[in-house]
Every structure is written in structure tokens, then in C-alpha cells.
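As they're listed, the protein sequences go chains A and B.
Taking my numbering, the leading residue of the first sequence gets 16, the next gets one more, and so forth.
Taking my numbering, the leading residue of the second sequence gets 16, the next gets one more, and so forth.
For the record, the hints were derived by calculation from the structure and aren't laboratory data.
Any given hint could be a false lead.
One copy or two, it doesn't matter: identical chains are merged, so the pair holds either way.
Stated by the list, open to error - Below are the DSS-like pairs computed for lysine-lysine, each with C-alpha atoms no more than 25 Å apart in a straight line:
{"hint": "1", "residue 1": "134", "residue 2": "307"}
{"hint": "2", "residue 1": "583", "residue 2": "283"}
{"hint": "3", "residue 1": "562", "residue 2": "670"}
{"hint": "4", "residue 1": "562", "residue 2": "378"}
{"hint": "5", "residue 1": "670", "residue 2": "378"}
{"hint": "6", "residue 1": "670", "residue 2": "226"}
{"hint": "7", "residue 1": "654", "residue 2": "581"}
{"hint": "8", "residue 1": "583", "residue 2": "562"}
{"hint": "9", "residue 1": "92", "residue 2": "184"}
Listed below, chain by chain, are the residues.
2 protein chains.
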Amino acid sequence: MPSFDFLILAPAGSIFALTFAAYLAVKILKSDPGNDTMQEIAQAVRVGAKAYLKRQYIGVSIFFAVVFCILLFLALKNYLVIFVPFAFLTGGLFSGLSGFIGMSIATQSSNRTAAAAMKSLNSGLRIAFSSGAVMGLTVVGLGLLDLSIWYYFLNWYYSNNPIPQNIDKIGAITSTMLCFGMGASSQALFARVGGGIFTKAADVGADLVGKVEAGIPEDDPRNPAVIADNVGDNVGDVAGMGADLYESYVGSIVATSALGVAAGLGIKGVTVPMVMAAVGVVASIIGTFFVKSREEASQKVLLAALRKGVFTSSFIVAIISYFLIRFTLGAEHIGVYWSVISGLIAGVLIGIITEYYTSSGFKPTRFIADQSLTGPATVIIGGIAVGMMSTALPVIIVSAAIMASFIFAGGLQHFEIGLYGIAISAVGMLSTLGITLATDAYGPVADNAGGNAEMSHLPPEVRKRTDALDSLGNTTAATGKGFAIGSAALTALALIAAFKDEVVRFGSTMQLDIMKPAVLVGLFIGGMLPFLFCSMTMRAVGRAASKIVVEVRRQFKEIKGLMEGKAKPDYARCVDIATSAAQHEMVLPSLLAITAPIIIGIVLGVEAVGGLLAGSLVTGFVLAVMMANAGGAWDNAKKYIEEGHHGGKGSFAHKAGVVGDTVGDPFKDTSGPSLNILIKLMSMVSIVFASFIIRHTLFK
Amino acid sequence: MPSFDFLILAPAGSIFALTFAAYLAVKILKSDPGNDTMQEIAQAVRVGAKAYLKRQYIGVSIFFAVVFCILLFLALKNYLVIFVPFAFLTGGLFSGLSGFIGMSIATQSSNRTAAAAMKSLNSGLRIAFSSGAVMGLTVVGLGLLDLSIWYYFLNWYYSNNPIPQNIDKIGAITSTMLCFGMGASSQALFARVGGGIFTKAADVGADLVGKVEAGIPEDDPRNPAVIADNVGDNVGDVAGMGADLYESYVGSIVATSALGVAAGLGIKGVTVPMVMAAVGVVASIIGTFFVKSREEASQKVLLAALRKGVFTSSFIVAIISYFLIRFTLGAEHIGVYWSVISGLIAGVLIGIITEYYTSSGFKPTRFIADQSLTGPATVIIGGIAVGMMSTALPVIIVSAAIMASFIFAGGLQHFEIGLYGIAISAVGMLSTLGITLATDAYGPVADNAGGNAEMSHLPPEVRKRTDALDSLGNTTAATGKGFAIGSAALTALALIAAFKDEVVRFGSTMQLDIMKPAVLVGLFIGGMLPFLFCSMTMRAVGRAASKIVVEVRRQFKEIKGLMEGKAKPDYARCVDIATSAAQHEMVLPSLLAITAPIIIGIVLGVEAVGGLLAGSLVTGFVLAVMMANAGGAWDNAKKYIEEGHHGGKGSFAHKAGVVGDTVGDPFKDTSGPSLNILIKLMSMVSIVFASFIIRHTLFK
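With these hints in hand, go ahead and build the complete structure from the sequences.
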């Protein structure tokens, strides 16, 4: 063990992140909130978003209470360590808190970004990006806090109390902490699915009646669903994305720790991922200072500004990790460093590829735009073909990262350390989450700022600036999704490996041989689940959207003077409808994710569960990439047409492009991103219920 | 060994099937060919189809010549038994011959079906169904013939020549025969992909310009692409489907034989699947006599008529198999009988579920039709959601069939015999192929008969009768696709198991543990390949269709008097364009299927190949079901609207429904069905190249 206890850097990093986030938040709140109209609109969005989250948290609380009781019961029956039910609660709490804080600051920032954009492009960028950074740093800060508290508590506890059988102290700590991700995963699933349904129902509803039927522009204040649409950006893209990545972040660290202990690295195996995360915090904060722009910057320059921040952070992590691993694990394990680098590089490459397939600057999206000349059917076929094609390179990159990080870490000589290498590549990818999430969460703020500018009739140059920021946000959102999917795949893989270790620790054997019928059947069912899950969430969006459509039509008909701008629509009613629809619709898909591994485990045993996890990981990953990229490409193909190509706005081609965009909405913002959480949550549930499944399986 | 050599029943069954097929063919050819116009139109389709097949066979011959040389080289270098290159040729030849004969009779039957339909519905049904039966019986007859010839030849050869090391005589026979499927698979892939591209390019091209732009009805003789469209039905749905199922049929029998020998059953392990196939021939022929209908029969009654034939055949196989297994394998292996029954039941259930999801008589298709009220985007989302949802039950059924047939056969006590049980369940499913394929290949004949009746201006009651037959064909086509996918999944699984046995026989180890990075990476890449393959084939359809669009537009513009019916369009030119486009476009996807396992094997070893096959099996199966069912449901939702619902033909809803149908065309007729062959062909390639891969892999 090194003489200096590096681990103390983890809580230090957490406090640093949270302090800096608070500093940024205060700075944002002190900036100009804009005129009365702007504040009023932002207030409406804020109230709607809070109302949504409140409803959501009430529903989720009931779920958490029920699961807490089940876990407590299992703990009392000795299936689980007694701390797991409580850790389940803290994970859920912190994950929810990340989303809540991120969303609170985002809804405070939209009007301020619009106000700043009245001064200059750079001012607008700084506010919007700072808001994203608050979110990013809150996520990593709370994640590290949760992990640190539990680590030190368990370390103290097991130093003064008997350690469970067949395991040493550090093993007891990590295997307990491994179960913590379930709380965060559950919260994340609700946030992603509920938020995703809300945002797309409101968006589709607003567009179908407002843009298509009534012929009023986007973000027009006369549209009753316009506030709900803006609320949706916040609850789906901000709170949902935050909870999702919180979960990947924490999950990758605990899985790596557990695999490190299983590989015989002891406390050092825990220190490396925790401290690397802390290093990432500092690197992310330094990176934020590099994000600035001059006036009249092109899209490319703006993107380069964000990239500069991210690359600087990655570079810092890459340098410091070397010394960290060198001094913690020693020279014989320096290969682990190259595993980290594999993860970092894979993350960057997936981002670049995502951009290629979804940006209108490149061939695939232009191809979809060309297809619009022969109508909506060819747009759809073209988009699905591009989405499917776009899965090839990310799969190859993740595969290469898996192989490379396994071999670099020394997996050919010592299998377990190879798995540790794979897991730590995910930590490497996620270490700079503070800033990568900032570039992502920045998008909805810019989007809302544009909406705010439109609704408060600000001068056109302001809208032009917010449009530039918003359009950049579309690109970062696409790369952010690629990053979220890639990191989720590696994290889920680490979790499956950890699941196997747990099963073995509970005295059961586990040989995931594909030729075994149970494993194979697990693989088949696991491969199908993402399709079923997507089907459920897509239909949920459809049902929720049709409720919004009915309501918007009603308001247009019944509220006198609405179209003339003399009367105000009832925004709250639309928010309310979308909220209750989302809450209602998120139950079934969530239950599917949680119960599937338990049912399969009881019916077919733990090996089938292993197959199930692997099958859903493979299909879920491929399907998520396909849906995210097809959706992004359709969106940008439509924008490309709107810029004046193929006849521009209102042309036959544009109408076909709008159909593609509408189909892409639930693809990229509801079903696709939820798949990340589906695969992680199923792994987490399997880990927590491993001992229960082993003892109660029907088929052994 | 039983005193009576049951095996002799296999060649007997083959001859019986071919004789009966010839009898039916003569009967069809002797029936009334209709008036001159009818004969002339049928002649045009026949000429087009033959021209296509000729071109295709020339292209394929080059491919076969090249691969033959490669295989010969490998055989001379001792990587393969010397017979494999020759067996590769016979497999390809017989598979191609099945498609050719089936298509020849189909193109002779369309005008005769129309002529018969002038008399009565039953006469029309009998001709169309007989044509399908010729196809079905030719496929099984030629399949059994190929297998019998090689079995007896190899048996004679190894009785008089030294047997290879580590293996007994029967092992040498089965492991040689195992390689034979590659020829049939390659031919099938070309037929399915090429035919699928041809048929949809012609269909989409004819519709986009004819129906949408020029506003003339479907099958109108003024449309220059109308003959190409009819040709497409024959080359895609008849020749393609025939080659596909020929391959499943032969593949399942050789894989079962090989697994039977590996399980220690010796010659008896070979006898059971071969003789069961022969029993299926007799059962199928008996079943054909049950297919008849009275006049003015409803859709339900017609369907029941076809079902009666299929169920009777299945019932006969179920009865005789019991005695076959009882007297061949003995009482201790009677569990294998229940494996067969599992396969039979799974086949029937998948058919029923496919019908539920794709027929307008049930909720899912009606739901899609309802979505048309809010436009094309919601139709697309609804169709994809239904398609995804429809994967759940087939996956569960196939999973249950796998588990059941494994356990029934005694896999829990003796693993290898369990695998034999899984393989033989596929043989059970496919044993009645003679008649199930008949109900499927009947569809395009009825479809063409309708086209023939339309173009030759027959009285409306004839068209009404052919429409009834055609509409029935849509249902049987959907169930046929479900059946093809289900049987392909089980066959591919048996082939993977056989691949593993081969690898072990060549002295390599193979442990397909999912946690091994190579297996996992194989799983990932395998899971992605079906998406990439679909993307390629869908884009190919798009490109080919746009060439047809250009040509049809040109003819409408340049040929004077065409729209007035005074001049004739240049049908042959459209056939020619579709042919050369299909030939050109089928190369790349086919190369992907053939090279992927070899490349992965050389780079990452045989275990990665195992992962690759499993991954593509899982994703390919799920994706194929999704695409086939979504396409079928869109098609029938459009037809449902055309029947007068939601505003009927020409309404806003109908236009939205047409978009869904057009998107569904490549889904259900090109990309989806090709996936079956992709997964089987990759398994076959892996088996044939196993020894080469083992010796030349870079990563061991």
C-alpha cells in the first residue's frame, strides 16, 4: 500500500466539484435575468418543470418505498447485507438530486442566456455552458460523495464488526457497494422514460396541431403546448440525461472496484477508479475555462470552443492517470494505464462517428435529405438504413476497446485483471464526465433560450445568436448520446462480470457457455427485450401525444381570441396532461426491466440470467445507436432542407423531411436513450437479487 | 441396427416427391391456358423471369467457379475432404434447380389460374395450389435426392478406402455432408437478395410513377414496369423462398445427422432425420388432397382449406415419427419423439402469432390503420412499434422449443443428445415442408393471376375470385415467413453446435464462455451484422427503384399514345434494368456474409466465430421477425383502409397508409427474409473454413 492514502482524494474531489458548481450557480443567478416578459416565460417553464418533477418524485417515492421494504425483507432473511436497502435509497436520492439541481439551474438559465445573448454571442455561450457545467459537476460531485460516504462508513464498520464468510474486508466493502447502483439505476430509468415520454408527447403534440394544423411557427406563445414543450426539454434532456450518466458514473466505479478486488488488487483496485474520478473533476473544472468564443463565430468555431474544453480535460486525465497507476498499482500493472487510454480514445472516436452520421455537413444526412424528393416513404427507408449502417463502427470501436483494454491490462496471462482492465476503460471514458455532460446539458438551455427569445419578441439578432447556440447543442446532444451509449455498454459489461463474481461467491457455479440451452435461451430473450421495451415506450409516446393533440385542439376551439393573440392559452393544463400521461406510461416498461432478470432467474437459473444480460447488452447497444443516429440524422436532414435545399421550407421535400423528423423524435429522445438504462438496471437487479435467485431457482 | 434398413426410404421418398411433382406439373400444363391475351401476358412475365434467372445464374456461376477453386485448393492442402468442393457444386445446383422449376411452373400457372377462376373459385384454387405444391415437392424431392446420393456414395467410398483420423466411418460421412449446405446457402442468398431487390425495386418503381404520379391503377398494362413487377413476384417470392427453404431443409438434416453421430447414436442418428423427411413427403402429398373449396367461400373458409392440408400432414408425421423413433432409437430415446413434437408445435404457434400481428382481422394492424388518421409519421411509428412488439412471443416460443426439445431428448443427463434433440425439432418443423411451402408459393401465382385477369380485361367476377385467392396468399405469405424464420433459427443453432464439434474434432478447444473477450467481441459484431446487412439491402432497393422510376417516367414521356392505350410500353427494358441493378447490388451484402466469419476467425480465433454466429443468430432472428411483421401489418393496414375504413381509397388516411406500405416493402420482402439466409450461410462458411481458421488464426 502506498504511504499516502490516495483515497482521501475522492471525497476531496467531490467537495471541490460541488463547491465549484455552487460558485457557478451563484454567478448565473447574479446575472441579468432579462425583462419582465422573459422572466415570466422562464417562470412558467420553471413552474411546469418543478410540477412535473414533484409528481415524478412522488410516484418514484412509492416505488422506492416498496422496493426498500422488499430489500429489507431480503436483508433480514440474509439474502443481502443489511446496508443494501439503505444504499438503494441514497443512490436513488442522489441520482434524483442530480437531476433536480441540474434542472433547477437550467430553468433559471434560459432567460439569462437570452438576456446575455442580447450583449454578445460569447456571453450567451458562457451562461448556457455554465449551466451545463453546474449539472455536470453536480452529477460527479454527488456521485463521488455517495461513494465516499459509503466507503468510509463500511470500512469503519467492517473494521469493528465481523466480516462475512469467504471474503476479506475490502471484498465485503466492494461487494456491498456493488449493490448501490440499483437505486441510481431505478431513478434514472424513471427519469429517462418518464422525461422522454413527456418531452416527445409535448413536442409532437405541439407540432402536429400548432405547426401543421394551425400553421403557426414553432415556439409561438399562442400554442398551448409550447410551455410543455420547453418543460420537456428540461425534464427529458437535462434531468433524464443527468440521472442516466450519474448511474453510469457510479456503476462503472463500483464495478471496477469489485473486479479489482476479485483480481487480487485489494484496496489498490478500489483506489485507482475512485481517485481517477477525482482527477477527472479537477480536469473538468480546468477544461471549463477553455470554453469561450468571439463574436460572429461560425458553427465550426463554436464547436471547436467546446471541444477545446473537453480535449484539455481528457489530456489532463491522460497525463495524471499514468502517475496514479504507476504509483498505486506499480510498474507491473502499468498496462492498466493503456486500458484507461483505450476507453478515453473510444469515447472520442464514438463522438466523431456520431457526428459524421448525424450532421448535415456529411454524406449520410444529405442522403436522407435527397430522399425527401421522392416523398416520406423514401425518407423513412433512408433514415433507417443510415441508422442501421451507423451501428457498424461504434460496435467495432467498443469491441476494439474491449480487446485492447483486456490485453493491455494483462488479461492473457491473468484473466481477472483483464476484466479489471475492461472495467477501468469505462471509468477512463467517464472520468471527464463533469465537462462532457456540461457540453450536453448546455443544449436544452440554449434551446429554451431561443424559445424565450421568440416568445418575448426580442430583436432578430438575439434569436440568431441563440439559434447558433441551439444548433451547436444539437450536435453536442448527438455526440453526448453516443458517449452515453458507449460508456453504458462498457459499464454494463463490467457489471455482468461483477455479477458472475457475486454468483460464484454465493457458492453457485456459473459457466456462461453459449451452447448451454439456458444461456442460449437467456441470450435470445435478452436480445428481444430491447425491442419489446422500445415498442412499449414508442407506443406510450404516441398515446400521450394524442392526449396533447386533443387538448390543444380544444383550446384553439374554445378559447376566444387565442389565435389573434388577445387571450392566453392554458399552458398549465398541457403540462399537467403530459405529466400524468408520462407518469402513467412509465410504469410498465420499468416493471419489465426490473422483473425480467428475476423471473428468468427463477425459471431458468443464474446462467440464463447471464445470457439475458449479455443478449440485452448486445441488442440494446446496437439498437440504441441505431435509434439515436437515425433520429439525429432525420432531425438534421429536415433542418438542412429548411436552410433552403430541395425547395426549402414548405416544399414537398420539406413535408417529407418533417415526417422523418417526427418519426425520429421518439427514436432519439425516448426509446433509444432509455435502452442504456435498461441494460444497466437489469444488470444491477441481477446483482442485488443474485443470492435470492440462486436459492429459489426452479431449474438448476 | 434395425434389421430393415430404414434409410432406403430417403431416396424412395425423394423419387416419390419428384414423381408426384411431375404429375401435378403435367396436369397444370394440360389445363386451359386462357385466351390469347392471357397467354401473351403470361408469356411476357415468363420471358422476363427466365431472362432474370439466366442472368442471375451466370453471375452465380462465376461466384461458384471462384469458390470451387478456393475450396479445391483448400482440399488439396488438406484443410477439407476432397468431396467438399464437389458437394458445394451439387448443393448450389440443386438449390438453383428448385428455384428454377418452381418458378417455371409458377409462370405457367398464372394465366391458367385466371382461366380456371373463370369457371369457379375452387378450380382457381386447385391450379394455384398445385403450382405451389410442385414447388414444395420439388424442393424436398431434390433435397432428399442430393442427400441420398452423397450418403450412399460416401458410405461406399469409406467402406473401400481409409477413413480419416479420429473418426469412424459414419462420422466421416456426416462431417463431410455437413459442408454441403454451403452451396445451397450461397445460392439461396443470391436468390433471396437478388430476387428481393428485383421485386421491390420493380414494385416501388411501378407504384411511385404509375399509381402516384400518373394516377393509373395497379397492374394497368400501360405501366411499363407492370411486367417487371409480376416477374419480381416470381423471382423473389417463389425462386427466393424456394432456395431459402431448400437450404433450411438440407441444413437441418445434415446438422442433425452430425450431432446424432457426435451424441454416439451412430447410423441411427442419421436414419431418423432422413427417414422423417421421407415420411414428411408422403404426409405432404396426402395433405394436398385435402385442399379444396366450395364456391363463394369466405376468406376464413379458404384459409381453413389450406390449413386442413397442413394440419393433416403434420398429424401424419406426428403419428409415424413415434414408431420411427421407437423402432430406430429404441425406447430409451423415445424422448427424442417429444423433441420432434416440440418443433412441430412451435412451427404452428409461430404461424398463428404471425397472423395475429399482420392480419387486419386483429388489433395490431387495426391500430396501425387508426394511426393513419394523424398522418404518415404516426403510421410509421405505430408499425415499427407493432413489429417490435411482435418479436416477443416468437422468441419465447423458440426458446421454449429449445429448452423442451433439449430436456425431452435427455440433455440434462447427456448433453450431446440434448443438442440432437434441438436439431431434430427443426427437422420436425420442416418435415412437412412439401405442403407448407405449397401454401406459400401459391401466393405469387394467385397474385399474378389477378394481374393477368386485370391486364386481359376479364369479367369482374374473375378478378373478384383471383382477389380472394390473392388476399389469402398474403396471409399464407406472412405465416410462411414466420415459419421460414423460426426454422432457420433452429437450423442455425444446430449448425453452430455442429461447428463446435468440428472445431473440437480438428484438435482445437472451444469454450464459448460469454465472459471471454473474444467470444464477447464476436457476439457484439455478430449482433451488429444483421443491422449492417439490412442497411445495405434496403439502400440497394432504393437505388434500384430510382432507376426504374427514371425509366418509367421516360417511357411515359417519350412513347406517344401510351397513356391512351394506343402504344405499348417497353416492358423488357424495365425487366432488364431491374435485373442488372439486382445483380449488381447483391454482390456486396453477399460478400459481407461470406467473409465476415473468416475475417473474424483469422483475427480473433474460432471462439470469436462462435460468438459471432450466436450474436447474429439472436439479432438476426429478432430483426427478421420485426421486419417481416411490421411490413405485413403495414401492407394489410393499407388494404384495410382501402376496404373503406377511415375514409377509404384516396383519403388522407389512405395516403398515410401507402407510405407505411412502401416502407414495409423492403422490410418484408428484401431485408427481413434475407436475414434467415445470412445467419445460416455464416454458420455454413464457418463449418467449411473451420480447419483453415484454426490453423491461420492470429490470436490464439
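Checked hints:
1. 134 to 307: Answer is within; shortest intra-copy Cα gap is 15 Å, inter-copy 82 Å.
2. 583 to 283: Intra 62 Å, inter 83 Å, cutoff 25 Å: neither.
3. 562 to 670: Both. Shortest intra-copy (23 Å) and inter-copy (23 Å) distances satisfy the 25 Å Cα cut-off.
4. 562 to 378: between (37 Å within a copy, 20 Å between copies)
5. 670 to 378: within (21 Å within a copy, 29 Å between copies)
6. 670 to 226: both (11 Å within a copy, 20 Å between copies)
7. 654 to 581: Neither, since 32 Å and 46 Å both go past 25 Å.
8. 583 to 562: Cα proximity of residue 583 and residue 562: one copy only (20 Å, versus 53 Å across).
9. 92 to 184: Answer is within; shortest intra-copy Cα gap is 22 Å, inter-copy 58 Å.
Consistency note: the structure conflicts with the earlier hints numbered 2 and 7.
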